[in-house]
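Student: Spelled out from the first residue to the last, the chains are:
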Amino acid sequence: MSKFIDIKGVRHAYRTKHGPLPVLDGLDIEVPEGTFCAVVGPSGCGKSTLTRLISGLMKPDTGAVVLAGEEVASPRKTVGMAFQNPVMLEWRTILQNVMLPLEIVAPRMPRAEAEARAAHLLDMVGLKGFEGKKPSELSGGMRQRASLCRALVHRPQVLIMDEPFGALDNFTREDLWQTMRDLRAAEPFTCVLITHDLRESVFLGDQVVVLSGRPARTQYVLDVDLPADRRIDILYEPKAGEMLHLLRDQIRIAQGRTGEMH
Amino acid sequence: MELAQKILVPLLAMLIFLGLWEGVVWINDWPDYKMASPSDLPPAFVKYHALFLSGGWETLWRTVAGLVLAVIFGTGLGMVMGFSRIARAGLYPLLVGFNAIPKATLVPVIALVFIGQYDFNTVLMAFLISFFPIAVSVGIGLSTLEPEYRDILAALGASKFTIFRKIALPKTLPEFFGALKVSVTLAFIGTNLVEIVSPHGKGLGALFLSGQTNSDYPLMFAVLIALAALGIVLYYAVVALERIFAGWAERSPG
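For the protein sequence lines, the chains are A and B, in the order given. Take the first sequence: its position 23, counting from 1, is numbered 23 in full-length UniProt numbering, and each next residue is one higher. Take the second sequence: its position 47, counting from 1, is numbered 47 in full-length UniProt numbering, and each next residue is one higher.
Note that these hints are calculated values from the structure, not bench results. For glycine and all other residues, C-beta sits at the position ideal for the given N, C-alpha and C.
In silico PhoX-like links for lysine-lysine, alpha-carbon gap of 25 Å or less:
1) A:Lys3 <-> A:Lys59
2) A:Lys59 <-> A:Lys17
3) A:Lys59 <-> A:Lys8
4) B:Lys166 <-> B:Lys181
5) A:Lys77 <-> A:Lys59
6) A:Lys77 <-> A:Lys8
7) B:Lys171 <-> A:Lys77
8) B:Lys171 <-> B:Lys160
9) B:Lys166 <-> A:Lys134
10) B:Lys47 <-> B:Lys34
11) A:Lys133 <-> B:Lys166
12) A:Lys133 <-> B:Lys171
13) B:Lys47 <-> B:Lys202
14) B:Lys160 <-> A:Lys77
15) B:Lys160 <-> A:Lys59
16) A:Lys77 <-> B:Lys166
17) B:Lys6 <-> B:Lys181
18) B:Lys171 <-> A:Lys134
19) B:Lys202 <-> B:Lys103
20) A:Lys77 <-> A:Lys3
21) B:Lys103 <-> B:Lys181
22) B:Lys181 <-> B:Lys171
Chain A regions said to be covered by chain B (calculated; three or more residues, Cβ under 8 Å):
23) 65-78
24) 81-88
25) 98-106
Just need the whole structure built from these sequences, with the hints factored in.
Tutor: Given below as structure tokens:
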């Protein structure tokens, strides 16, 4: 399957008091199965709308979102989501938080099996020993790790992330990039990441899609030609440097400020 | 040490309060028709203990019955207002207006409508006076649920009911119990309001009135103290329920 996620000519407008506000206007994105697609663009260009369209929480006015050959019309159990806010449920332990999607997706799964699955993921992201803690007892980065586990616990085909590392400090963020890389190496899944961070998009992405300013259309697609098993150091090598320059220029164009910043 | 702090400190505070009260009455040499002193109370309790028990029970069960109704109705109303913007816009002014009516003025109205049905009237008043905080807090709790909380389950195709049961309901519990602490006291006031404004020989309110008619001032003060004690018991019963069902909301110290 070459186009696992296929977003074709999507247009969408929000109805407001002052008439329709177009947010997406001619969006085309193709994501092959098992690859990582990073989406960058200026603030308020409709990136979050994109996550809601792929997950089926919203339908586009025109155009189509096709997932594994089927048009997305409503939410489906094969999707995992992670947000900037890790939204941990304070009345559940970390382990119970991670198990939450299984209660919806696989309500008949034996509890022991669900617990083992959740504990395994927590172990993978370095949270072994924190299973019984309350979310408020963990740091922001740890909560975000647990939130990634929750998004993956039901083995989704697609993981959709809306700036999941946006509120973290730089070092924690780099740690989480590597955690993300390791998770994908262990259990491959297709990934769409919305981000503001160009370094993040190059480190994690197989392709980086640059959206124009609102209403957003696909402005540029960069194929990230780097080995799958990347280390943070790779960002300081000339090849990654060139890509970052290129992306930076594209963002400037998207912001409508060509040349002004040079 | 912790136990001492939880039990001995409040006990000591109460003893100091009673001591001060006794002292003020003693220094001013007030007769008991002006102000009874704590030492006048035990004889009153002993003399009328059977009436205190039966009256206390009547006040207690009618308060709790009214409160249970308030919880059911208030939660239902809160859910309607929390989920529907139209219902919220329509119901809010009505609710605020109703809540602004001094409930003492409703006692004679209710007594006329349901003439002679004293237990029913009393429970009704306890209910009417206490459902408002519950409805408002549940409504606000549900309507301010952050969309991300909904989306973690909505994105998996979970039903509205499942989202309510697994996320919205538990998340609203701390607010609900906050409101219940206010409501329990209000319900108690509602019961006594009917017992005193619409006398029918039942509850601690009736005992208070009989103290008044017989000029038995120590009895009147003893009833006040009994009411306070009952109020404390009800309040801490709610606190115990809160510990069980929403204990997670309490942050561990430090």
